[in-house]
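2 protein chains.
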Amino acid sequence: MSLSQTFQALSEPNRQKIIDALKKREMPVSEIALNLNITLPTLSHHLDILKRADLISGRREGQQIIYSLNLSVVEEVAEKIAKFLTTDTKFRSTD
Amino acid sequence: MSLSQTFQALSEPNRQKIIDALKKREMPVSEIALNLNITLPTLSHHLDILKRADLISGRREGQQIIYSLNLSVVEEVAEKIAKFLTTDTKFRSTD
DNA sequence: ATAATATTTAGATAGGCATCTAAATATCTA
DNA sequence: TAGATATTTAGATGCCTATCTAAATATTAT
Chain B
84 MSLSQTFQAL
94 SEPNRQKIID
104 ALKKREMPVS
114 EIALNLNITL
124 PTLSHHLDIL
134 KRADLISGRR
144 EGQQIIYSLN
154 LSVVEEVAEK
164 IAKFLTTDTK
174 FRSTD
Chain Y
84 MSLSQTFQAL
94 SEPNRQKIID
104 ALKKREMPVS
114 EIALNLNITL
124 PTLSHHLDIL
134 KRADLISGRR
144 EGQQIIYSLN
154 LSVVEEVAEK
164 IAKFLTTDTK
174 FRSTD
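If you're matching them up, the sequences are chains B and Y in order.
Just so we're aligned, residue 84 is where the first sequence starts under our numbering, counting upward by one.
Just so we're aligned, residue 84 is where the second sequence starts under our numbering, counting upward by one.
Okay, the calculated beta carbon distance ranges per label pair:
1. Y:LYS134 x B:GLN88: 23 to 29 Å
2. Y:LYS166 x B:SER151: 19 to 25 Å
3. B:THR122 x Y:LYS166: 27 to 33 Å
4. B:ILE148 x Y:ARG142: 51 to 57 Å
5. B:GLY145 x Y:ARG108: 57 to 63 Å
6. B:GLN88 x Y:GLN88: 17 to 23 Å
7. Y:LYS166 x B:ILE121: 24 to 30 Å
8. Y:GLU95 x B:SER140: 25 to 31 Å
9. Y:ASP103 x B:GLY145: 45 to 51 Å
10. Y:SER155 x B:LEU117: 36 to 42 Å
11. B:ILE121 x Y:PRO111: 40 to 46 Å
12. Y:THR125 x B:THR125: 28 to 34 Å
To be clear, the hints were calculated from the coordinates, so they are not data collected in a lab.
All values derive from a computational prediction rather than experimental measurement.
Where a beta carbon is used, it is the ideal one built from N, C-alpha and C, also for glycine.
Whenever a hint applies, use it, and build me the whole structure from the sequences.
Rendered as structure tokens:
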């Protein structure tokens, strides 16, 4: 996943709300939907984007599909972004 | 600046390259342009977006306009993003 | 098997965005 | 004041994306 694609995945307000919800605990689509004012197909689309960015995962449990944050990936992303934004390159060799 | 707008400003590869260049040192548009395969009007457009996101500033020096990173803002943004991505809300009160 | 529930897929649409060329503005130099 | 250099603004175009409705798929319950 490139940094651009990650930023893009994170740049949509509904997707941020999805992540915020999943930070609390894993939950099915129907429950995520309660926090958002979009139709289920639109939500499904956003879940797909976050899945393709590897930020979340879904597993089926009966009729429901339970989504959860990929915590280790999210942490890696946080580090990657922090490095991009804060690393001072003034005195670094070209590594 | 909302988190969404910040992510969006950072999600474009050319804008990331601009930030990367300005991490080294401030420089005029003409020098930034050397790193990118886009026309000057397109570059101007990207600089405008980064300026509106308050991530960079430009000052005129003669014929040139020198752009530089707003270091304090960039640091704040890094913290904001880190908080968004890593803060576990499971056991937080609703503050 | 049928009906009900949960979610995704298909297909269409509207708005946003990155890009370009051409022209305008600002500054410096001769 | 011209002409040259640096950058931005104007206007157009094509692609990407968020959104919707309708239909399809998957699972459970009757």
